[in-house]
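Just so you know, the sequences run in chain order A and B.
So the first sequence is numbered by my numbering: it starts at 0 and just counts up by one.
So the second sequence is numbered by my numbering: it starts at 8 and just counts up by one.
Since the hints were derived computationally from the structure, they do not count as laboratory data.
Be aware that a few hints might be false.
As the list claims (entries may be wrong) - Covered stretches of chain A (chain B as the covering partner; in silico rule of three or more C-beta atoms under 8 Å from a C-beta of chain B):
(1) 126–138
(2) 160–166
(3) 169–181
(4) 386–394
We treat Cβ as the ideally placed atom computed from N, Cα and C, and that holds for glycine.
Listed below are the residues making up each chain.
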Amino acid sequence: MSSILVWPIILPFATAVAILLVKSKGKSAQNIVLSSAALHAFFCGLVFFRVHHNGIFASQIGNWPAPFGITLVADHLSAIMLAITAIINLAVVVYSRADIGPSLANRGYYPLLQTLVGGICGAFLTGDLFNLYVWFEVMLMASFGLLVLGQERRQLDGGVKYVVINLFSTLLLITGIGLLYGLTGTLNMADLHIKIQTIQDQGILTAVAMIFMAAFGIKSALFPLFFWLPAAYHTPPIAVSAIFAGLLTKVGVYALIRMFTLIFTVDMQYPITVLLIAATLTMITGVLGAASHNEFRRILSFHIISQVGYMILGLALHTSLALAGAVFYLIHHIIVKANLFLVSGVVQKLRGSLELSRLGGVYRTNKWVAVLFFIPAFSLAGFPPLSGFWAKMMLIRASLDIQQYLVAGIAAAVGLLTVYSMTKIWGEVFWKPMPGGIQIDETTLSARPSIWMLTPIAGLALLTVMIGLGAETFVAIAMQTAEELLHPEIYYNAVLGYK
Amino acid sequence: METLCAFLVGAMVTGSIYLMLERNLIRFIFGLVLISNAINLLIFTVGGLSSNRPPLIPDTATVPLVPMANALPQALVLTAIVIGFALLAFIFVLFYRAYQEIGTVDTELMRFAEPNDGAESSTHSTQKPGEQG
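Full structure from sequences and hints, please.
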């Protein structure tokens with residue numbers, strides 16, 4: 000039964016291969032991907048329910064016992080991330096039907112997308128550090144491909160910066176893994192949790208922890224390592240930037256949470272303090288960047304950075320409530336952020352541009368699109384009763400609980416600035432009249448957003464409302480996750496408990 | 008032997024960081040090649056170099072009779088080499104395509120994704136919050 004853990008990984012890869020093999024174009028490729036994404040969501044849901052009811056479980060690949068073989072582990076954090084990945088995958092696949100033209104599909108858009116999803120799921124499930132590195136590489140390779148698939152000048156330019164910094168971060172990651180192996184002689188994460196406590200030389204351990212922090216800090220776009228993100232995320236097709244925005248940086252956040260709750264658990268005062276400062280600065284820089292830009296997707300890109308700051312803040316505060324807040328924030332943020340990018344695609348279809356100065360009057364012409372933007376945008380800004388409000392409240396509450404008043408104040412102020420830039424988009428794109436003197440050609444003006452675009456947006460918006468209104472359930476799950484993270488021995492027992 | 012390798016890795020990383028900080032993308036690639044090899048050497052070194060016996064167990068025994076070389080770092084290095092090779096191939100093609108489209112390999116001049124319309128400077132002028140932590 001525990002072999003169910005391989006399905007969320009194998010299925011996307013099998014789909015990618017299947018599409019390449021049948022050389023299917025257009026509709027049939029879309030149908031294959033769509034049914035595979037639905038099946039994938041089913042498997043991921045199954046994993047989540049199993050974890051939620053029976054607790055953490057592990058699967059030893061090839062029956063090699065841990066810590067010698069590769070272990071797949073699903074705890075609450077992994078299962079939640081897996082479930083959200085499946086939801087975003089499904090939404091993006093449906094959306095791609097309208098957004099991705101035949102030329103991109105023929106260049107291998109769908110196989111790359113599925114490889115990306117497979118890599119992400121692998122990174123969430125693996126219990127082995129070197130294996131994590133491999134999944135990161137799989138993910139990166141696919142994301143490189145997706146980013147420059149259109150071969151436009153902008154994409155190649157953004158792509159170069161994205162590739163360069165991300166390659167460097169994986170090199171840092173493998174350096175850290177090598178050093179950690181030299182110190183402990185193991186790469187199994189559960190085994191590392193125990194072995195690392197026997198290391199005498201605290202200095203070396205802190206240095207290795209900092210290498211990991213830098214590596215995952217680049218991936219999750221922490222201050223001051225975030226410059227690659229706003230350079231690249233606004234260039235690819237909308238569907239691609241939605242899945243990037245939703246999931247890619249969050250894999251880095253997930254890895255940071257895993258590292259600093261499972262592996263680096265003893266005497267980590269210094270790295271945790273650095274994380275706290277970095278998180279605060281990330282929140283501020285991100286939101287100021289967003290406030291100063293005037294292109295739809297660039298504003299949203301800067302918001303990703305600022306929101307990652309909140310999640311890392313939860314990790315750095317390191318109390319039960321703070322970690323629960325970080326997990327809740329992850330759930331809320333991935334859904335909302337991917338959705339906002341999808342909405343920007345609809346606006347682009349309607350007006351032919353994403354520059355705020357060239358947009359306007361969408362509320363007058365397409366009321367429902369405005370409503371569908373309103374929900375995720377003001378959830379992101381933290382309006383009650385939407386999901387973002389609860390996420391921010393948990394984190395601010397957690398920082399007040401341990402007398403971090405300054406941090407709490409900054410988190411609240413950043414929330415306020417988020418409201419500012421969301422109202423900026425709302426005012427410029429939806430409320431103000433269409434600026435005069437801008438020619439929109441007839442085909443764009445008469446365009447109606449396709450049902451394939453609106454369905455995933457409406458679905459994700461509904462989910463946002465549900466998380467907001469049913470916050471109690473989700474907070475309970477997040478609290479349970481936090482308890483698990485603060486007691487790594489549960490994880491250890493699930494992986495190596497047979498001894 | 009380990010000390011020597013440690014210094015060698017250090018020298019290689021220094022050189023590669025210098026190359027990677029250049030504006031010229033070609034030099035960046037050379038830096039990348041150098042640093043991936045430095046890291047492979049590092050993994051190899053931390054795995055232990057002291058023993059030069061092959062990791063073979065005789066038929067009559069179930070555990071190694073004498074201390075032997077650890078095979079795992081070699082497997083890790085091999086994986087890293089393969090992945091590194093694929094990435095290098097990709098990055099060569101990407102840079103070449105970028106050069107064809109943009110017409111330069113100088114990163115300072117590559118500003119198509121982020122046009123210099125004055126909005127750029129704002130991201131650097133962050134106010135510093137007070138001492139924290």
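A quick look at each hint next to the structure:
1. 126–138: Since 3 is at least three, the answer is holds.
2. 160–166: holds (count 4)
3. 169–181: holds (count 8)
4. 386–394: violated (count 0)
In this structure, the one hint that does not hold is number 4.
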